[in-house]
Amino acid sequence: METVTLDSNFKSEEYFINMGPQHPATHGVLRLLLTIDGEIIKKVEPDLGYIHRSIEKMCERDSYQQIVHLTDRMDYLSANINNEAVCLTVENALQLEIPERVKVIRTIIGELTRISSHCLWWGVMGMDVGALTTYFYGFRDRELLNDIFEETCGARLTMNYNVPGGLMFDIHPNFVKRVKDFIAHFKTKLPEYDRLLTNNIIFQKRTKGVGILSKEDAISFGASGPVGRASGYSCDVRIHHPYSALDKVTFNEALRTEGDTYARYLVRIQEMWESLSIVEQLIDNIPEGEYRVATNAVIKLPKGEYYQKVETARGELGVYIISTGLKSPYRLKFRSPGFSNLSLLNHIAVGGKIGDLVASMATLDLVIPDIDR
Amino acid sequence: MIFSEEGSQYLNVAVPKEELHAIMFKLKHDEQTSFDYLFCLTGVDWGEELGVVYHLESTVFRHSLVVKTQTAERENPAIDSVCDIWATAEFHEREVFDFFGIEFTNHPNLKRLFLTDDWDGFPLRKDYEDNINMIIK
Amino acid sequence: MTIALSITKNIHDWLYSIMPETAAMYAEMVLIALVYLGVFAIAGLFLVLLERRVAAWFQLRIGPNRVGFQGLLQTMADAIKLLSKELTGTAKADKFLYNLAPYFVIISSLMALSVFPFTQEFQAFDINIGIFFLIAVSSIGVIGILLGGWSSNNKFAMIGAMRSGVQTISYELSIGLSLLTMVLITGSLQLSEIVEVQKSGWLIVQGHIPAIIAFMIYMIAGTAETNRAPFDMVEAESELGAGFHTEYSGMKFAYFFLAEFINMFIIAAIATTVFFGAWLSPFGITESIPLLGVFWFLLKALILVFLMMWFRWTFPRLRIDQLLTLEWKYLLPLNLANIVIMALLVWHNLTISF
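Residue numbers (our numbering), protein chains in the order written: chain W, 1 to 373; chain B, 1 to 137; chain E, 1 to 354.
Bound-form chain W, shown alone (with noise of 0.2 Å):
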């Protein structure tokens, strides 16, 4: 990769910077080649590949079941969503029928992974802003949920929970229990996030009318969960196309109009209540039932393709596989959600300042090997 761009319209008082792969500010492998005049800044391209480890390829030739372990490394924090897209769909694909205990159990689990997610999320937001404290209090609570992942899923970080045809083993007795206290004790610290971030006078200043993406530049750009929701785009894949047990639940869609940075940061805080309480109408009646369905030893997709969309922590993340009825797939292609979020950095950061672009990408929270995969 070329070092400098060769611009001809290199003005010589611009200045260009390299916001290297090793950065405290970007959250993974990401290289920015920015030019800059002064503070202002005037061209943002970004360098992927860092973290790119072909996993599209590997799947033309794993079985489906091994598939479901490669997705938990693209964003790894919301591993549970990640599988359970690719678990949707060949079950869709085989035509399977899925017990409804097994619906249930998933959604709650997704949707806790989505809170541990945002958790992660709001602790480095603060962390680029300068509130250093913040990293901690997120990560105090994301330790919580990770300890209710382990004992019933059986890892931490890559949960690999969920198998084709259902779950690996059936949740552990004590997940209930520990679920419904985790929600009691996180609905006293949501008001403290807000004390300590969202009220503060300093926070505001820094991401109100920074990085405006409008309406349309969103929905052209292919922005989708929270970025595009905080512009007003109603883009929730919960809603639009339910899948699991997500159509059994009510809850609202967490919707802006303004398109800045505030407006991510807000919608991204509504979302983790609104998780709450989609957990809290689920975890006391998860009905009864089988955890698993049997499938085949050896899976094969019939011939055809097949799509389906989730929605993770990021946004939307499609899967779709493209299948001649052999044990891999012929074409597997993961829509990552991250990967049109960062198409629009250079959009929202042209014209503003080099602290402005940390506050932007701290709310577009990409998870670099979900774009390189």
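These are calculated hints, taken from the structure and not from any lab test. Computed from a prediction, not measured in an experiment: that's the story for all the values here. Just to be clear, a hint being listed does not mean it is correct.
Quick list of in silico lysine-lysine cross-link-like pairs, BS3-like style, CA-CA up to 30 Å [stated by the list, open to error]:
1. B:K17 with B:K126
2. W:K327 with B:K126
3. W:K177 with W:K189
4. B:K68 with W:K215
5. B:K68 with B:K126
6. B:K68 with B:K111
7. W:K57 with B:K126
8. B:K111 with W:K353
9. W:K353 with E:K329
Dock chains B and E against the given chain W, drawing on the hints supplied.
Only chains B and E this time, still in chain W's reference frame:
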């Protein structure tokens, strides 16, 4: 080799690559279709041809459509870019160029995205060989 | 008590007896300088440890507590490590300026420490323009920062140095004006006079409303002077590496680092002297024990240092243009208006005194 489309989730439309841009433009701007959200752009190696699959959705009517196009040329494949219609296509087309080698005409910045600039070959093609990095079972 | 006083008197007499007068004066000055250097270098180390423990307390963790009792030897260990580090330098750096820059910063900090009245007899340098001297000397530190950033030949360091220079110069105005507000009550710039006046009530009480406003402005401006959060855009870790001291390592980095903490102590010490009565105890309860003044001075200064640390670990940081807007559009007019109010107060004898 085109697979059976019957019983597919979405309506599939195959278009010849010469008319791609005009059809896409119409699909976006026509009042009755208004497919303004391109949510997935996939490159596929169909064995003999190289193709691109576009998944479109309308935020107004909430209907979806799949548009497919392909080219039989494997040496210098070229397809029209849809960057000017949907801004998200810019990065997606770079990725397809990186992995399949399909050149998109009128693309503002067609360079490799993930792999290094001096990489030889196009990895996601079915005839790609790499004895060091690929483990084939 | 009287033992310590007689020690200084004894040393003074002994020096004068064994050398001619001028030589004795020089020897005395060198001795005092060495004592201050030693005491405050060590004090700087302990301030670093205090910051780490306070930060850990805010962040729900413990902080260094292994090296020495409760971690007291931690910074000593860090200092020894820093001493043993290779002094790297960039090839294209301007060698002379690059080496000179840290010295500006550390020397200006230590010079400012000489005028503080730790107690009635422990004041190294009681000049009649006390406050003016303090402000002048702390302005010299800016040179060190600008030189350090420029001579490193590093784009990031230069951006950091420019930002810092602009910030420091702007906020010095506010510091000067808030201190001037208090001088209106005392009528003298000399620090020992200021403490004398406070025997009938601390200045923050004497001046009530304008004094409280002046104190708040002073704390904000003081935090900005020392480049601490929420004004630490200069060393914004999540943005530009380490700001103007990116290219320094080993002892030179230690100078910058230590100078920041000593500056913090200086700001707190100035506030203690001017607003809170230096070594005077509240309501004069322990005036009979003379050396206890040191304890009161340190207690007040450390409370203000804790306040500054509290700011750092709670607030996000301001953007550079917001920082400058705060100073020039809000603090400066407020300060000027405050001076007028204070002048009216003093003129009409509306100050509170006991």
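The hints, checked one at a time:
1. B:K17 with B:K126: holds, 21 Å
2. W:K327 with B:K126: holds, 17 Å
3. W:K177 with W:K189: Given pair K177 (chain W), K189 (chain W) holds - Cα atoms ~19 Å apart, limit 30 Å.
4. B:K68 with W:K215: With Cα atoms ~27 Å apart, K68 (chain B) and K215 (chain W) stay inside 30 Å; holds.
5. B:K68 with B:K126: holds, 19 Å
6. B:K68 with B:K111: holds, 23 Å
7. W:K57 with B:K126: Holds. K57 (chain W) to K126 (chain B) sits at ~10 Å (cutoff 30 Å).
8. B:K111 with W:K353: holds, 27 Å
9. W:K353 with E:K329: The given pair, whose Cα atoms are some 21 Å apart, holds under the 30 Å limit.
Of the numbered hints listed earlier, not one is contradicted by the structure.
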